[in-house]
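Spelled out, the chains give:
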Amino acid sequence: MAYTGKVLRVNLSTGKAETEALNDKWAKEYLGGKGLSIKYLYEELEPGIDPLSEKNKLVLMTGPITGTIVPNSGKLAVAAKSPATGTILDCSIGGHFAPQLKYAGYDAVIIEGKSNIPVYLFIDDDRVELRSAADMWGKGAHETEHMISDRLGEVVTMAIGQAGENLLPMSCISTELYRQAGRGGIGAVMGSKNLKAVSVRGSKGLKAPDIRKLSAALNKIKKEDTLTEDNMWAYSDGTPMIVDLSQQTGILPTRNFQEGTFDEFEKVNSEAVKAVTKAKKACFACPLACGKYVETGTTRVEGPEYETIALCSSNCGISDLEAVLEFNRLCDDYCLDTISAGNTIAFAMEMTEKGIHDFGIRFGDVEKFLQMPELMSNKEGVGADLSQGVSYLADKYGGKEFAMQVKKLEIPGYEARGSWSMGLAYGTADRGACHLRAWPAAVEAFGDIDPFTIEGKAELVIDMQNDNSVKFSAIFCDFWALSTERMAEILSLILEREVTAEELTTIGDRVYCLARLFNEREGFTRKDDGLPERIHKDELTTGATKGKLLPKDEYDKMLSEYYKIRGWDEDGKVTADKKAALNL
Amino acid sequence: MTVKLQLKGPLKKYANNKDLVEVKLEATPCTLAELLQQFNIPASAISFITVNEQKKGLDAALNGGEAIVMYPRVAGG
Ligand code: SF4
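Read top to bottom, the protein sequences are chains U and B.
Numbering follows the working numbering, with no gaps: position 326 of the first sequence is 326.
Every position in the second sequence, counted from 1, becomes a number in the working numbering once 1000 is added.
Mixed in with the good hints there might be a few duds.
Result set (DSBU-like, lysine-lysine): computed pairs, CA atoms no more than 30 Å apart in a straight line [stated by the list, open to error]:
1) Lys1012/B - Lys564/U
2) Lys573/U - Lys546/U
3) Lys1004/B - Lys222/U
4) Lys1013/B - Lys278/U
5) Lys396/U - Lys537/U
6) Lys280/U - Lys1013/B
7) Lys6/U - Lys579/U
8) Lys1055/B - Lys1012/B
9) Lys220/U - Lys280/U
10) Lys220/U - Lys1013/B
11) Lys280/U - Lys1012/B
12) Lys552/U - Lys537/U
13) Lys267/U - Lys396/U
14) Lys1055/B - Lys274/U
15) Lys28/U - Lys1056/B
16) Lys223/U - Lys1013/B
17) Lys368/U - Lys1013/B
18) Lys28/U - Lys207/U
19) Lys6/U - Lys278/U
20) Lys280/U - Lys267/U
21) Lys1018/B - Lys552/U
22) Lys557/U - Lys1012/B
23) Lys1018/B - Lys223/U
24) Lys564/U - Lys28/U
25) Lys537/U - Lys1055/B
Worth flagging that the hints you see were computed from the coordinates, not collected in a lab.
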């Protein structure tokens, strides 16, 4: 039930599709999802390759719980070497693609090479075909999904839009119109392979040895641990709920991270979004249904998520909710990562207002803001520069000290000066500035741990990174706040052997260290784990974080402590002892 | 003695889906933990609470006249 034992390998250069056995040993050591896809890429990718060359591979990986009746088990890992950062990159995408892939009989798909014409891959159980996507090239992901459904009937599709075709380092992959594998330019990996979409239909199902026992155990867990007060925010409000928490604690990125509060936050917070919400939507096997369909007089979209609000509303000085929703819809269709897009536009706004370089857009300029997704995705006019992200802009035009990125990935929606552990989480995230590897703001800025001290932060971040590595490998949706013990209990049921919390923590550590080894092999060291100067030098001036920064020496101490606890050396390299201990 | 209590997001259900309620304290001083009990709100459902815009722990004492805001627990990011 946990694994089908089969991997589908598709070579786009030769047009050949073959199945092979899943590597059982690796599956045991890395579970699936994030961990197992990184293991395959670590073993199969030559170091130093161009991520946009045919040598890069795209891995679609399910996990042992995928396709079962475990709650919140509908996610898929999508991994490759990142075109944005040059690091390892794994993204997580919801919807229904992952279970369909499992029902078609595969744990994973590994896509290699490059097609010489635009194609899409159709997986229909054992039938695997590459079909022409000539008439879809140049179209958005939404129209592409509709065109494929018209041709194939009921299938689940992951597609790219123009941003992926044009190889943008902030292009994502989309499924079911509004769910994305969002970060690090994963869409450009598909674009570089001339792969417009992957569609799947599976009819094989999975067989549980004792379905009565399994469903009784899982129903109990659902009652005790999923449909609880701690998780209800996801259903009632979804991530826009976080706007009020970030505003109150002074960590809501505002005007390119110049402030941590936004005067007009009530125009774009959860209450405002709820007023235009028409329906809710869930991924496969999810009782929490955090997705919201919103509709106004002018636009309709599923969203916006907190990250979109933080980066594209407050961070761009845009308080017009309709504009944010329309921007969200456009980004979803073109397949632009809203975090990187919002962050980059905000940088251009600050550069313009400071007179360093005139990008023709200022904070709060709704009209220009709404032109950006198209200009960026098609690399037209000012969009050609902006499409390359904040690090590129800073190298070309200056403003490096307030280019808000780590390892060339734009920083998401939590201000590190008001949540010092978030700073460490960004610095040590395996794919560049990311809040999904660890989200310590939840227990620090939003909890009762002092945000303005380094004490205990290294351990906190490591624990969360290890835990999340397990979550993203199993794969559980991370909106379900479940303990390692609970994950062990569920995995024991699914894997039909005893899995302990300790074993899972070791797997999490192993996954995280392997990701580090991948990056190390690509030349990343301590020097790449730093934060933008603004975080160390510019005091915030409003709200709960007034007068706060994260001093550089404190950050460096925190980073050294982090390396030490991880078993990495002072330069951030995984030590021989650590490798031996984790069987790496 | 009364306080003004604002409940955010899913916490509203503990006050009949009202945004803002005026609460009569049973005795003063009373702690935030006691106020949670009065509304049957489990502590696990809370991220943090502010009293007059300042984040406070559950043992913070209320004497009446304060403005209290409760923020729900969130996960994932
Ligand atoms: S909580 Fe949201 S993202 Fe997670 S599985 Fe459910 S609907 Fe999907």
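Hints, one by one, checked against the model:
At most 30 Å may separate the alpha-carbon atoms for a hinted pair to count; lysine 1012/B and lysine 564/U exceed this at roughly 44 Å. Distance check on the hinted pair: lysine 573/U and lysine 546/U sit about 36 Å apart at the alpha-carbon level, beyond 30 Å; violated. Among the hinted pairs, lysine 1004/B with lysine 222/U is inconsistent with the structure: their alpha-carbon atoms are about 35 Å apart, more than 30 Å. With a C-alpha separation of about 20 Å, the suggested pairing of lysine 1013/B with lysine 278/U holds against the 30 Å cut-off.
In summary, the hint linking lysine 396/U to lysine 537/U is supported, as the alpha carbons are separated by about 22 Å, within the 30 Å threshold. In summary, the hint linking lysine 280/U to lysine 1013/B is supported, as the alpha carbons are separated by about 19 Å, within the 30 Å threshold. Taking the CA atoms of lysine 6/U and lysine 579/U, the gap is about 28 Å. The hint holds against a cut of 30 Å. Of the pairs offered as hints, the one joining lysine 1055/B and lysine 1012/B holds, with about 19 Å between alpha carbons and a cut-off of 30 Å not exceeded.
With a C-alpha separation of about 25 Å, the suggested pairing of lysine 220/U with lysine 280/U holds against the 30 Å cut-off. Proposed proximity of lysine 220/U and lysine 1013/B is supported: the alpha carbons are some 24 Å apart, at most 30 Å. Using a Cα cut-off of 30 Å, the hinted pair lysine 280/U and lysine 1012/B holds, with the two alpha carbons roughly 19 Å apart. Taking the CA atoms of lysine 552/U and lysine 537/U, the gap is about 8 Å. The hint holds against a cut of 30 Å.
Only pairs whose Cα atoms come within 30 Å are accepted, and lysine 267/U paired with lysine 396/U is rejected, the gap being roughly 35 Å. At roughly 26 Å between alpha-carbon atoms, lysine 1055/B and lysine 274/U fall within 30 Å of each other, so this suggested pair holds. Distance restraint check for lysine 28/U and lysine 1056/B: the Cα-Cα separation of roughly 45 Å exceeds the 30 Å cut-off, and the hinted pair is therefore not satisfied. Taking the CA atoms of lysine 223/U and lysine 1013/B, the gap is near 19 Å; set against the 30 Å cutoff, the hint holds.
The straight-line distance between the Cα atoms of lysine 368/U and lysine 1013/B is roughly 41 Å, outside the 30 Å bound, and the hint therefore fails. With a C-alpha separation of about 20 Å, the suggested pair lysine 28/U and lysine 207/U falls inside the 30 Å cut-off, and the hint holds. A threshold of 30 Å between alpha carbons decides the hint, and for lysine 6/U with lysine 278/U the separation of about 41 Å lies outside it, so the pair is violated. For the proposed pair lysine 280/U and lysine 267/U, the alpha carbon gap of about 21 Å is at most 30 Å, so the pair holds.
Under the criterion of a C-alpha separation no larger than 30 Å, the hint pairing lysine 1018/B with lysine 552/U is inconsistent with the structure, at around 45 Å. For a cut-off of 30 Å, the pair hint linking lysine 557/U to lysine 1012/B is broken: about 42 Å separates their Cα positions. For the hint linking lysine 1018/B to lysine 223/U, the alpha-carbon distance of about 27 Å falls within 30 Å, and the restraint holds. For the given pair, lysine 564/U sits about 27 Å from lysine 28/U by alpha-carbon distance, which is consistent with the 30 Å threshold.
Annotation: proposed proximity of lysine 537/U to lysine 1055/B holds, straight-line Cα distance about 26 Å (limit 30 Å).
Of the numbered hints given earlier, the model fails hints 1, 2, 3, 13, 15, 17, 19, 21 and 22; all others are met.
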